[in-house]
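A.B. asks: Spelled out from the first residue to the last, the chains are:
Protein chains: 4
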Amino acid sequence: MAGNTFGRILQLTTFGESHGKAIGGVLDGFPSGILIDFELVDRELKRRRPGQSKWVSSRHEADEVEFLSGIYQGRSLGTPIAFMIRNKDQNPADYHHLENVYRPSHADFTYQMKYGFRDHRGGGRASARETIARVVAGALAKQILSTEKIAVTAYVNRIGSVVVEKSYQKLNLSDTEKSPLRCPDAQRASAMEEAISLAAAQGETLGGEITCVITGVPVGLGEPVFDKLHADLAKAVMSINAVKGFEIGSGFKSTSMTGSQHNDLFYSDKKEVHTRSNFSGGIQGGISNGEDIYFRVAFKPVATLMKPQHSIDKEGHEAVIIGKGRHDVTVVPRAVPIVEAMAALVLADHWLLSRGRRING
Amino acid sequence: MAGNTFGRILQLTTFGESHGKAIGGVLDGFPSGILIDFELVDRELKRRRPGQSKWVSSRHEADEVEFLSGIYQGRSLGTPIAFMIRNKDQNPADYHHLENVYRPSHADFTYQMKYGFRDHRGGGRASARETIARVVAGALAKQILSTEKIAVTAYVNRIGSVVVEKSYQKLNLSDTEKSPLRCPDAQRASAMEEAISLAAAQGETLGGEITCVITGVPVGLGEPVFDKLHADLAKAVMSINAVKGFEIGSGFKSTSMTGSQHNDLFYSDKKEVHTRSNFSGGIQGGISNGEDIYFRVAFKPVATLMKPQHSIDKEGHEAVIIGKGRHDVTVVPRAVPIVEAMAALVLADHWLLSRGRRING
Amino acid sequence: MAGNTFGRILQLTTFGESHGKAIGGVLDGFPSGILIDFELVDRELKRRRPGQSKWVSSRHEADEVEFLSGIYQGRSLGTPIAFMIRNKDQNPADYHHLENVYRPSHADFTYQMKYGFRDHRGGGRASARETIARVVAGALAKQILSTEKIAVTAYVNRIGSVVVEKSYQKLNLSDTEKSPLRCPDAQRASAMEEAISLAAAQGETLGGEITCVITGVPVGLGEPVFDKLHADLAKAVMSINAVKGFEIGSGFKSTSMTGSQHNDLFYSDKKEVHTRSNFSGGIQGGISNGEDIYFRVAFKPVATLMKPQHSIDKEGHEAVIIGKGRHDVTVVPRAVPIVEAMAALVLADHWLLSRGRRING
Amino acid sequence: MAGNTFGRILQLTTFGESHGKAIGGVLDGFPSGILIDFELVDRELKRRRPGQSKWVSSRHEADEVEFLSGIYQGRSLGTPIAFMIRNKDQNPADYHHLENVYRPSHADFTYQMKYGFRDHRGGGRASARETIARVVAGALAKQILSTEKIAVTAYVNRIGSVVVEKSYQKLNLSDTEKSPLRCPDAQRASAMEEAISLAAAQGETLGGEITCVITGVPVGLGEPVFDKLHADLAKAVMSINAVKGFEIGSGFKSTSMTGSQHNDLFYSDKKEVHTRSNFSGGIQGGISNGEDIYFRVAFKPVATLMKPQHSIDKEGHEAVIIGKGRHDVTVVPRAVPIVEAMAALVLADHWLLSRGRRING
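Residue numbers (our numbering), protein chains in the order written: chain A, 462 to 822; chain B, 462 to 822; chain C, 462 to 822; chain D, 462 to 822.
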C-alpha cells in the first residue's frame with residue numbers, strides 16, 4: 462500500500478537510500494525447504510554491478526549481501542527472508558553541491574515536493590542503487606521457478622540508434638553474457654560499443670531496449686480481469702528507474718497488422734496445443750498459453766551528463782549542473798538482470814497464486 | 462488478490478460474464494458527500510457503446526446502469542457504490558458453434574485450461590463487455606478528480622497504418638468527440654475511415670493507438686519504488702482487452718535520443734517550477750511533477766474475422782471458424798473512454814492515497 | 462483497503478444500505494467447477510431471517526438472492542460470483558422521526574461525523590441487514606470446505622444470564638437447529654425463553670454468547686506472525702454488528718490456570734499426532750494443529766428498546782427516542798449463521814492460501 | 462498476504478528467527494518530516510526486555526536497534542524505515558535436546574507440519590522474541606499519534622487469579638511503570654508478586670490480563686463493515702504470542718446486561734457530543750466516537766515449565782521435556798509494551814487512512 466511492497470503470495474518489501482546505511486529487502490511467502498543457491502545470488506548481483514566495463518561508473522560497490530533471516534542450514538524456512546547490503550564508499554562531501562539544486566530529469570524536485578524533505582546524496586531512495594534489492598529477490602524467485610523449469614532470460618536489443626533486427630528466436634541467447642553489453646548479436650554489439658564511445662566523448666548518454674524471454678511457463682498463469690499476467694509484468698518493469706515503455710509480444714507493431722496477419726492459429730501436436738505464430742507473446746486473455754512469453758522494455762538515456770546543464774535550485778534561482786566523478790553513459794546492459802528479476806518475481810508470484818486458485822490438482 | 466479488484470483507497474471490484482445475467486461492479490472508498498452526475502455516467506457509457514457507426518458491431522446494448530447502493534438523495538454516502546447493467550439480447554443458440562472450439566487469439570483456450578470449464582457465450586468473462594464496469598467506475602472517479610481540476614482526455618492517434626503525426630499539444634482535443642473515430646485530426650480521421658472501409662471489405666480487422674492526456678495533476682502523486690504513478694497507469698491500461706503496449710512521455714522514442722536531447726530542464730515561473738520540455742510525461746521518479754501526463758497505448762487488431770480461419774476444438778481436431786453476425790473492424794475508437802476510465806481510477810486512487818501519506822497539509 | 466472487502470485468495474466485497482435498493486456482494490477467488498448447492502444458500506439465509514419466532518422482529522424479508530455472475534450451468538466458473546437481495550418492505554416515512562436524532566449505542570452519530578452525511582433509514586449501511594451478504598458468501602465458502610470435510614457449526618451458549626455450562630463436546634450439536642433459540646441444551650433453552658419473555662415484557666433487550674466449533678481442519682492453516690488463524694477469526698467475528706468479545710480455546714479462563722493445567726500434551730495414535738486436552742482451541746503458534754477449533758463470541762444487548770431513552774439530535778438538543786414497530790429482544794440466535802459464515806470465509810481463505818504457500822504437495 | 466505484513470497505509474513487515482542473525486522490520490508509509498525520538502524507541506524496548514525482575518528470564522539481550530534506512534538527519538524521509546536487532550547470546554548446543562521433540566503448547570509441531578522443516582532453536586520464528594520488531598514499530602507509530610495527542614497506555618490487570626477490580630478510570634495509570642509488574646494498583650501488585658513467587662517455587666507458570674486505554678482519539682476512525690476499528694484491534698492483539706481472548710468496552714460482561722443498562726446515552730456539552738457511560742469502549746458501528754477506547758487481552762500461562770512434561774518426538778516416540786536455564790513465570794508484564802505497540806500501529810494506520818477517505822478537511 463505504501464509503495465515499497467510488491468507481489469501477493471510472494472511479497473517483496475524493499476528499503477534503503479543510496480547513501481544511507483544499507484539497501485535491502487524482505488521476501489515473504491518464499492516456500493520452505495528450498496536449498497538456496499547463494500552463488501546464483503552473487504552472480505546476479507555481479508551482473509548488475511557498476512564498473513563492469515570501461516564506460517560504466519567506477520563507484521566500487523562490493524555489494525556483499527548478508528541474509529538476516531528465513532534460511533536455516535542453507536534451506537528456506539518458509540518465513541520471511543531478510544537481506545541487506547551495506548552501503549560503502551560514501552563521501553557526503555561529494556554531494557554538497559547537489560543539496561539545494563534539482564538535477565534535470567531526476568527525482569530531486571518531485572521527492573522534495575512530495576516529502577518536503579529528502580536525502581539528496583546520490584538520489585537517496587530514488588537512486589538506481591535501490592534495484593540491488595530487486596536483483597537479490599529476483600535471484601531467489603528464479604530458484605522457485607527452476608523447480609518448474611521456468612527460465613527468464615533478457616538481453617540488450619538496442620543502444621541508442623543501434624538495433625538488433627533479429628528476433629530472439631534467431632539469436633543464441635547463451636551468448637548474451639559473453640558480451641560486455643549483454644547483446645547476443647556480436648555484430649550489433651560492436652556497433653553499440655562505438656555508439657557508446659562516441660557519446661562518452663561528447664559527455665552524452667544513451668538509452669536503449671531490453672528484450673526478455675520467459676520459457677517453460679505452464680498454461681494458466683494470470684488472474685483476469687485486472688491482474689492479467691502481462692499487466693503485472695508491465696507494472697513490474699515500468700517501476701524500474703528510467704523505463705519509459707513496455708510492449709508484450711507484437712507490441713506496438715501489432716497496430717499496423719491486420720487481424721489475419723496477427724492471429725495466432727492453434728494446432729494440436731501430440732496432444733499438446735500450440736500456436737503457429739506467437740504475436741500474443743505467450744499470453745491470451747491475460748493468462749499464459751504455454752508459448753514463450755516475451756516482452757520489450759524502453760530505457761531513456763541516463764539523466765546525469767558530463768557536460769553543463771541549466772537548472773534551478775530550491776529557491777527558484779538558476780543553477781548550472783555538471784556530473785562529477787564517473788557516470789554510466791548507458792545503464793541498459795546493467796539493467797538486464799533487473800528486468801529479469803522483476804519478471805521472475807511476477808512469474809513466481811503468479812505460479813504460487815495459481816496453486817491457491819485451484820481446488821483439484 | 463483474486464484478480465477482479467483494482468486500486469487501494471479507491472477500490473473497484475467488477476463482475477460479470479458477457480451473456481450472464483449482468484455486468485457490474487462495486488466501487489469502495491468513494492468519498493462521501495459528492496453529488497453524483499448520473500448524466501456523465503450515461504455519456505461515458507454511450508461513448509463505449511457498440512453500434513455508434515457503420516463499422517462497429519450492431520449488438521443492441523441499451524446498457525442502462527442501475528445503482529444499487531452507496532448513493533442517497535443523489536449524493537455519495539462514503540459506502541460502497543454498487544452498480545449493474547443487465548445483459549440483454551442474448552441468444553445462447555448463437556454461440557453453440559463456439560462451445561467446443563478455440564477461436565484464434567481469443568481467451569477460449571486459456572480460460573478452458575485455467576478453469577477447466579468456461580462460459581463460451583460471447584467470450585464469457587473475457588469479453589470486452591466486461592469493460593462496461595470500468596467505464597461506470599471511471600465516470601465516478603472523474604467526479605473525484607474534477608473537484609481538483611484534474612482532467613483526463615484520450616483520443617485515437619492511429620488506426621492500422623494511419624497515424625496522427627502531430628503531438629497532442631498541436632491538436633484541438635475538444636474536436637475528438639466530433640469525430641466518429643475519436644480522432645481530433647480531421648484529415649487523418651478521414652484516412653482512417655478509408656482504411657477501415659477497406660479492411661471491412663476484406664473481412665479484415667485493424668488495431669491502433671490511443672493517446673491519453675491528463676492535465677491539472679498536482680505535484681506529488683505516486684508511491685515509489687513499486688507503485689510509481691506510471692507503473693500503475695501501465696498496469697491499468699495493459700489490463701484492458703487487446704492492449705499490447707504502453708509508453709509514457711517520450712516512450713520508445715527516448716531510446717534513440719541522447720541525454721541532453723531528452724532531459725527536461727527546470728525553470729521557475731512566478732514561483733512555480735516547470736520544465737521546458739516534457740519528455741518525462743509529467744512523472745519523474747514515479748511522482749507527478751505538475752506537467753501534463755501523457756501516455757500512448759497500442760491495441761492489436763480485433764481477433765474475430767469475417768473470413769474463415771483454421772483452428773482446433775477441445776479434442777484437438779481441426780476446425781474452421783468464421784465470425785457470425787456483425788463485428789467491429791476495430792475497437793480503438795470505443796476504447797477511448799475505457800482508457801480514460803482506467804487512468805481516472807489510477808489518478809483518483811493516488812490522489813486519495815497522497816492525502817493519507819502526509820501529516821501536514 | 463476501503464473496509465468492505467474481506468479475505469485474500471477468497472475475497473468478499475459487500476455493499477448495500479438497509480433501505481437502499483439492494484444488499485449484496487461479490488465473492489472473488491472462488492474455485493471453478495464446484496456444483497453450487499443453492500438450497501444450502503437459501504437454508505442459511507432462512508436461519509438468519511427475522512420473524513422466526515414470537516420474539517423477533519416481524520419485518521417481512523423474503524431475502525431472495527439473485528446470482529448475477531460467476532456461475533454457469535450450475536457450476537462455478539472461477540470468475541467473481543456476484544449476488545444481490547432486493548430490499549423490500551421499506552417505507553421511508555417510518556424513519557422520519559430518526560432523521561435528525563442519534564439513537565444511543567447505534568452508529569448514527571459516528572456515521573454522521575465520519576461521512577458528514579448518512580442514510581438514516583434503518584441504520585443505512587450500519588444495519589445488521591448488511592450481514593445477509595456475509596451469510597450468502599459463507600454458504601458458498603462452506604461448499605469449498607466440504608470438499609475437504611471441514612465443517613463449521615455454531616450454537617447459542619448464553620442469553621442474558623442463562624448460560625450453558627456444558628462444553629460443546631458434551632452437547633449434541635445436531636440438536637441446535639431443533640431449538641428456536643439455537644441452543645442444543647433443551648433445559649437451558651427453556652430458561653432462555655423465559656428470560657426473553659421477561660425482557661420483552663419490560664421493553665428490554667438481551668445479549669448473549671455463541672460458541673463456534675470447526676471440525677476436520679487439516680494441520681497447517683494460518684500464516685504467522687500477523688495472519689495467525691485465530692487472529693483472522695477474531696477480526697472476522699469482531700466485525701459482526703454488536704460483537705464485544707472473542708476468545709479462542711480456553712480464552713479468558715486460561716488466565717487463572719497454571720502452565721501444567723493448561724498445556725496440551727501430545728501423543729501419537731496410529732501415526733497421527735493429537736493432544737490429550739485442547740485448551741489451545743486447535744491452533745498453536747497461529748497454525749491449526751488438527752484438533753477441533755472452537756471459539757466463543759460475546760454479543761451486547763440490542764440497542765433499540767421498546768421504552769423511552771434520552772438522547773440528542775444533530776443540533777445537540779435533547780430528544781426522546783422509543784423503538785417503533787417490533788424489534789428483536791435478542792439477535793443472538795439469528796447471529797449463529799453469521800458467525801458460521803465469517804468462520805467459513807476465514808477457513809476457506811486460509812485453506813486456499815496454504816495451497817499457494819507450499820511447493821511440494 | 463504471506464503473513465508478515467500488517468497495516469495498510471502504515472505497513473509493517475517483520476522478519477527474524479529467535480536464534481538467526483537478526484530480528485527486524487520495515488515500516489513503510491511513515492510520514493516524512495517527523496523528528497524521530499530514538500530514546501522513546503529504546504525505552505519501549507527496555508520495557509519489553511527480559512531480566513527486568515527476579516522472576517523473568519535471564520537471557521541477556523542488549524537489543525540494540527540499528528536503523529538502516531528512512532531517516533536522514535534525525536528526520537523521517539517518508540521512505541521505508543528499516544531496522545534490526547542482532548541476536549546475541551546464542552548457543553545452538555543449548556537447543557540440541559529440542560531438535561526432534563515437540564514441546565507441549567508451543568508451535569514446534571505446527572511449524573514442522575506446515576513448513577516440513579524448522580529452526581528449532583528457541584522457537585525460531587515462533588519465538589516471542591519476534592515481538593521486538595513490533596515494539597520498535599509501535600514506538601514509531603506512537604510518534605505519529607502524538608502529533609494528534611492520541612495516547613496509548615496499557616497495564617496488567619490480572620496475574621493468575623489475582624485481579625484488579627477497579628476500572629481504569631479509578632486507577633492512576635501513571636503509576637504503572639513504577640511497578641515491576643506494571644500493575645498500577647499497588648495492593649494487587651503485591652498479591653501478584655506473591656502468586657508469582659509461589660508459582661516459581663512449584664516450577665509453574667501463570668497467565669493474566671492486560672487492559673489498554675487509548676485517549677484523545679478523534680471521532681471517525683474505523684472502516685466499516687469489515688475493517689471496523691475494534692476488529693482491527695482484535696486482530697492486532699490476537700496475533701501476539703500467547704493471547705487467547707480480546708474484549709472491547711463492556712466485553713463479555715455485556716452479555717448479562719440489559720439494553721437499558723448497556724446503552725450509552727448521548728449528551729451535548731459545549732457543542733461536543735459525549736456519552737454518559739462508555740460500555741461501547743469508544744467505538745460505535747466500528748468507528749471511534751471520541752470517548753476513550755479501552756480493551757482487555759487474555760494471556761495464557763507460559764508453556765515452558767521448570768518441571769517434567771510428557772510429549773513426543775518427530776517419530777512419534779514418547780519424550781520427557783523440562784525447561785532449561787531460566788524462564789519467565791509469566792510474560793504478562795513484558796507484554797504491556799507489545800500490546801501498546803500493536804494498538805498504536807492500528808490507530809496510526811486508521812488515522813492516516815481516514816485522511817485519504819475524506820475529500821474535504
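Treat the hints loosely; a few may be bogus.
The list treats identical chains as one, so a pair stands whether inside a single copy or across any two.
Unchecked claim - In the DSS-like style, the derived pairs of lysine-lysine whose C-alpha atoms are separated by at most 27 Å in a straight line are: (1) Lys731 to Lys631; (2) Lys482 to Lys549; (3) Lys714 to Lys732; (4) Lys775 to Lys731; (5) Lys785 to Lys507; (6) Lys785 to Lys610; (7) Lys549 to Lys631; (8) Lys627 to Lys639; (9) Lys549 to Lys507; (10) Lys482 to Lys631; (11) Lys775 to Lys714; (12) Lys627 to Lys714; (13) Lys768 to Lys714; (14) Lys507 to Lys639; (15) Lys732 to Lys775.
Hints were generated in silico from the structure; no laboratory data involved.
A.B. asks: Hint by hint, note whether the structure agrees.
C.D. replies: Against the structure, the hints:
Taking the shortest alpha-carbon separations for Lys731 and Lys631, only the intra-copy value of 25 Å comes in at or below 27 Å, while the best inter-copy value is 56 Å. In the homo-oligomer, the alpha carbons of Lys482 and Lys549 lie at most 27 Å apart both inside one protomer (8 Å) and across protomers (21 Å), since each shortest distance falls under that limit. With identical chains, the CA atoms of Lys714 and Lys732 are never at most 27 Å apart, being 32 Å at best within one copy and 43 Å at best between copies. Taking the closest pair of Cα atoms, Lys775 and Lys731 come within 27 Å of each other only across two copies (14 Å); inside a single copy the shortest separation is 67 Å, beyond that limit.
Taking the shortest Cα distances, Lys785 and Lys507 sit within 27 Å of each other inside one copy (24 Å), while across copies they are farther apart (46 Å). Neither within a single protomer nor between protomers do Lys785 and Lys610 lie at most 27 Å apart by alpha-carbon distance, with minima of 45 Å and 41 Å respectively. For a Cα distance limit of 27 Å, the shortest separation of Lys549 from Lys631 qualifies neither inside one copy, at 42 Å, nor across copies, at 49 Å. Taking the shortest alpha-carbon separations for Lys627 and Lys639, only the intra-copy value of 18 Å comes in at or below 27 Å, while the best inter-copy value is 42 Å.
Only within a single protomer do Lys549 and Lys507 lie at most 27 Å apart by alpha-carbon distance; the minimum there is 16 Å, versus 31 Å between protomers. For a Cα distance limit of 27 Å, the shortest separation of Lys482 from Lys631 qualifies neither inside one copy, at 45 Å, nor across copies, at 47 Å. In this homomeric assembly, Lys775 and Lys714 never come within 27 Å of each other (Cα to Cα): the closest approach is 43 Å inside a single copy and 31 Å across copies. For the identical chains of this complex, Lys627 and Lys714 are neighbours both inside a copy (15 Å) and across copies (19 Å), given an alpha-carbon limit of 27 Å.
In this assembly of identical chains, the alpha carbons of Lys768 and Lys714 lie at most 27 Å apart only when taken from different copies (23 Å versus 36 Å within one copy). In the homo-oligomer, the alpha carbons of Lys507 and Lys639 lie at most 27 Å apart inside one protomer (14 Å), although the nearest pairing across protomers, at 55 Å, exceeds that limit. Taking the shortest alpha-carbon separations for Lys732 and Lys775, only the inter-copy value of 10 Å comes in at or below 27 Å, while the best intra-copy value is 66 Å.
Going through the hint list in order, the structure does not satisfy hints 3, 6, 7, 10 and 11.
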